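Construct the complete structure from the given sequences, taking the supplied hints into account.
These are the residues of each chain, in order.
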Amino acid sequence: MKFAVKAWSSGSARTGLLQLGNCPSPIETPALLLSTRKGLPYFIAPDLLPSLPSPDSHLLQISPIHFLEGLSPKTISNVGGLHQMLGLPEYGFAAVARDSLQCLPECNSTNKHGASFETPCGRLLIKPVDYLELINSMRPNIWATLADEVPAWVSDKRNKTSVDRTVRWLDECISLSSAGGAVLGSIVGGSSVEERERCAQEVARRNVTGYLIGGFGLGESMDERPALLNAATAILQDEKPRMVCGLGLPEEVLQGVAAGIDLFNSEYIYHLTLGGFALAFPLGGIKISVSKPDPSDIGNDRSKINLRATVYRKDTSPIVEDCSCYTCQNHTKAYINHLLNVHEMLAQILLEIHNTHHYLEFFKSIREAIKAGEFEQFRNRFIESRRDHLALAAVA
Amino acid sequence: MALRFEVIGRFNRARAANLTLPHFVCQTPLFMPVGTQGTIKGLTTNQLEEIGCQIVLGNTYHLALRPTSELIDELGGLHKFMNWPRALLTDSGGFQMVSLLHLADITEKGVTFQSPVDGKPMLLTPEESIQIQNRIGADIIMALDDVVKTTITGPRIEEAMYRTLRWIDRCIAAHKRPNEQNLFGIVQGGLDPVLRDKCVRGLVDRNLPGYAIGGLAGGEDKDSFWRVVAQCTAALPEDKPRYVMGVGYPLDIVVCSALGADMYDCVYPTRTARFGTALVPEGVLKLKHNAMANDTRPIDPACACMVCKNYTRAYIHCLVTKDAMGSQLLSYHNLYYMMKLSRDLHSSIVEGRFPKFVCEFLQKMFPKGNVPEWVCNAMEVAGIDISSCCAPFISTMSKTMEVKSDKE
Ligand SMILES: [Zn+2]
Ligand SMILES: [Zn+2]
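Those protein sequence lines, which keep their order, are chains R and C.
Okay, so the first sequence: first residue is 1 according to UniProt numbering, each after it adds one.
Okay, so the second sequence: first residue is 1 according to UniProt numbering, each after it adds one.
Please keep in mind that the hints were generated in silico from the structure rather than gathered at the bench.
Check before you lean on any hint, since a few could be wrong.
[To be verified] Capping the alpha-carbon separation at 20 Å, the derived lysine to aspartate or glutamate pairs in EDC-like fashion look like this:
1) C:Lys109 <-> C:Glu159
2) C:Lys41 <-> R:Asp47
3) C:Lys149 <-> C:Asp223
4) C:Lys286 <-> R:Glu69
5) C:Lys322 <-> R:Glu69
6) C:Lys288 <-> R:Glu69
Everything numeric in this text was worked out from a predicted model, so none of it was measured.
Here's what the structure looks like:
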């Protein structure tokens, strides 16, 4: 893996290029990693993946722990690792132990031996040695070291322990690694700026390719996040990529970008898709237009629309008029509304395609704003337009 | 009549044809996947085109409930609604009512049933069924028939057959779009050859664009099943398509095609996929089975589909019945398998190697030569020598069986 920062804007926001040996072209950052279940997107079949923007869609996030449900590391290794097993030789895989859906950190059962996770096959304690057995058999392009992630409300003592363990496991993971791949050193520290700094300093001292800033989306408030993110990124080497887990909403992504984060995950899209929501906020770089919301928007916040709403029953327009995704090119809101009403899986397939496409385009406009040196303006316009719509929708 | 049916190849009773429908030129024999609610579970219309699907079946009963035929009509018909450029077929809705609702009752007027929405009694008449199907706009629509379980015997079978004949006239009279939609009549008569014969003759007199053989695939024994098919296909006109309703096991399709049938539909390939079962030349492969966990072969090494080209049994094993992707990938493979079977039937008949194809098919499915007796009997009537793939004792047994001959 090669990474280079190309441009800066508004202080810490940055664009860069991430090069992976097997991906035909470099991927621009800030980038979105597509969330997967066992390596494939939840509903987008592999033959539909090429319809998404390329190479933007070529980074997939994977939780090795998903495979404990039925595949042994030996079999994964026999098949030839992740790329071979998933039939996606030109895609990049980033392995992170946890996800936000079916593999959640369970800090009360985590102990000095390993990290505990709630999974569909019960509570699992994963030791660094177990984790690295999976990583070594899967051979992802990028992998993050095992972390002891704790929610914002734990005691200072527990939070300190989490930093100590995460740093110790980092050394263990690196020493057990045999398959190569870029190592992201996990950084935790909960809601304590001091602990975030301490962890970042320890990790920055080690031989890692990049960083995974974890422990977000675990009960901290949105207001305290910038200080926690900046505490870490200020210490980290500029030329190494930084990934964050747990920031999903557009506003959260913008918060992360402002703090100098390069890689984001996309479980937000899965939640939208399951809820029957489609992203519909205006794209188009810094020229976000603020149009009046129409009455049908009640109940929507304009960033997304609820396709279950009866107002779409006879709506023969696509989700977003000028969207070039497979869904919008082929199907109407009325059809998706029907599919949701009758609980047909095609609804989720079409929504995941559109939502992924739309979010990848959002990341593209973020990158363009940074390159133009106008990230802060872009961010303010975006947040203002959302706020205006919320206010207008409230009086409507 | 809004179709053209040109037979382009034959082997004894089997035939391969080009079936030109308003939206697509199909090649028969063909299998139609069931897209109950205006979608095949887990597949996009693009994928369906890619695997060679020619006709998709929609269920009138479900579509009339949601989103309603009026809405489909208002939005330009089902083709446009689901963005499917190729052919569509809708059933009459009657079968679904009888099979899904406990309180369905059939009278001369039509099928009365309790509305699943508000519990009120409702009536589906032949006229209404056709009206709804006219609004949905499929290339082929089905007459409302009086459906009885095949396992029932006695005067009810006779009553249903005569009623089906009376209803066909009401369907024909109600059909408002004969130049855009083809109304198929359905042969009823249970397992009784005399009733089946009367029904076929009655329907043929009406000169319909196509005919279906109904009331089968409902639990009757296989020997009765193929005999009814053989009798009906022999009596139906040569120049019209013949559709065996509800038939979907690959073996049944091969046998029926040998007997001169052209079209089939069944939920089996997609339903069984959702339970983790793959269709393979040897029969079925249960991906849930623990033995699959370490099996690094594709589902079917001979299959050229996207799933078999890329994935191992082991990987599919860890997806099936747990993740949506498991049923998506297996449905894709299973439908690909059915489409490939349809293409192979068509091309082997056209190229004059149909018996060879049948023998190879049977050899893979019954490597020990234990081809079921009913298949042997049916193939004898179809004039296809399968002795090369039958174990000796079975083929002699089938020769000594008395095979009822059809008027040929
Ligand atoms: Zn779209
Ligand atoms: Zn296959």
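Now for the hints, and whether the structure bears them out:
1. C:Lys109 <-> C:Glu159: Holds, at roughly 14 Å.
2. C:Lys41 <-> R:Asp47: Holds: Lys41 (chain C) and Asp47 (chain R) sit about 16 Å apart, inside 20 Å.
3. C:Lys149 <-> C:Asp223: holds (17 Å)
4. C:Lys286 <-> R:Glu69: holds (18 Å)
5. C:Lys322 <-> R:Glu69: holds (10 Å)
6. C:Lys288 <-> R:Glu69: Distance of about 12 Å is within 20 Å: holds.
Taken one by one, the earlier hints all hold for this structure without exception.
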